[in-house]
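Chains U and W, in that order, give the protein sequences. Under this note's numbering, the first residue of the first sequence carries the number 1028, and numbering increases by one thereafter. Under this note's numbering, the first residue of the second sequence carries the number 57, and numbering increases by one thereafter.
One or more of the hints may lead you astray.
Claimed, not checked - Keeping only pairs whose Cα atoms sit at most 25 Å apart, straight-line, the calculated SDA-like set for lysine to any residue is:
hint: 1; chain 1: U; residue 1: 1035; chain 2: W; residue 2: 191
hint: 2; chain 1: U; residue 1: 1035; chain 2: W; residue 2: 164
hint: 3; chain 1: W; residue 1: 143; chain 2: W; residue 2: 191
hint: 4; chain 1: U; residue 1: 1148; chain 2: U; residue 2: 1083
Just so you know, the hints here were simulated from the structure itself, not pulled from any lab data.
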Amino acid sequence: MDPDFRRKFPLLVAGAFQEISPATSSYNCIAWAAGVDHIPWWPHLDAFWPAGVPYEDTIDAFLKAFATLGYTLCGDASLESGFEKIALYADFGGTPTHAARQLPDGTWTSKLGQSIDITHKNTIVLNGPEYGAAVRFMRRPRADRSIITP
Amino acid sequence: MKYAVAEKPTPLRRLLSPESYDSTGPDLDRLFEKVLRAREHYYAEATMLRRAQTLETVFGELANDWIVDTRFQSSMTRITSHPSYRKIISLGQEVLPLILRDLATSPKPWFAALREITGTDPVQPHERGNVRAMTSAWLRWAQNNNIRW
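Only chain U is shown next, with the shape it has when bound in the complex (with noise of 0.2 Å):
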């Protein structure tokens, strides 16, 4: 684990993650919460965003664009059986940064940006300087997805 990773996640130490796939930029985060592999979804011209919802960098539509797939917000990140959950998280200025989706074994699962995806015990493990932290929930009903290709 290289210092700047170590910088940028001081709590996703040996142990507390798992590497599953290698880097790509041909999707991120919220592709990757969303169940999508194959296009970055974001508020900008150069990525995907769901018809009808703000087009902007706010907790608020980003909510919106989960919702478009069925989930409502929900108070936490535990394992609640039958339901399946992604966590929003948001720097210190309320700007969203990253997404993470919930396994039906209770851990979780992070596409890093432009880089690695990994499975993460919790959702504390990525709170830091480069993400702030989880501020909102969601959940809908846990249905045999996989992920979506083209």
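Using the hints, position chain W against chain U.
Below, chain W alone, put in the same frame as chain U:
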């Protein structure tokens, strides 16, 4: 105690001052000669090569800085407003082959920079967001416009 300082014209002021030259005399010829020599040197092959190498080095350093700083970021807004990314855009048309070479080697979010530098956007609406399709559209555009990378 106060000292009177004689005002001494700077070299630049002397060069620009019309009084420094006799518009019909040998001074003006010498000035033209100097300008021609400077121009020849500027366009000399070795100088051009050195400029290209310097540009490549500067681009490499800025690009590396940008990649390292934004590799864990998903925010396209942050990625494309990073100071090193903005500096690369400010290098202008000369940096296009270097961006295209990097894009062809390993796709990165260079699209905003390409749009700003060229003032065009060859990406079709149905390709938008698809990194591979956007990369192909830009490389095709470069080929059609005789830009080598």
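Hint by hint, here is what the structure shows:
1. A distance of roughly 29 Å separates the Cα atoms of residue 1035/U and residue 191/W; the hinted pair therefore is violated under the 25 Å criterion.
2. Restraint check for residue 1035/U and residue 164/W: the C-alpha separation of about 21 Å stays at or below 25 Å, so the hint holds.
3. About 21 Å separates the Cα atoms of residue 143/W and residue 191/W, which keeps this hinted pair within 25 Å; it holds.
4. At roughly 30 Å between alpha-carbon atoms, residue 1148/U and residue 1083/U are farther apart than 25 Å, so this suggested pair is violated.
Consistency note: the structure conflicts with the earlier hints numbered 1, 4.
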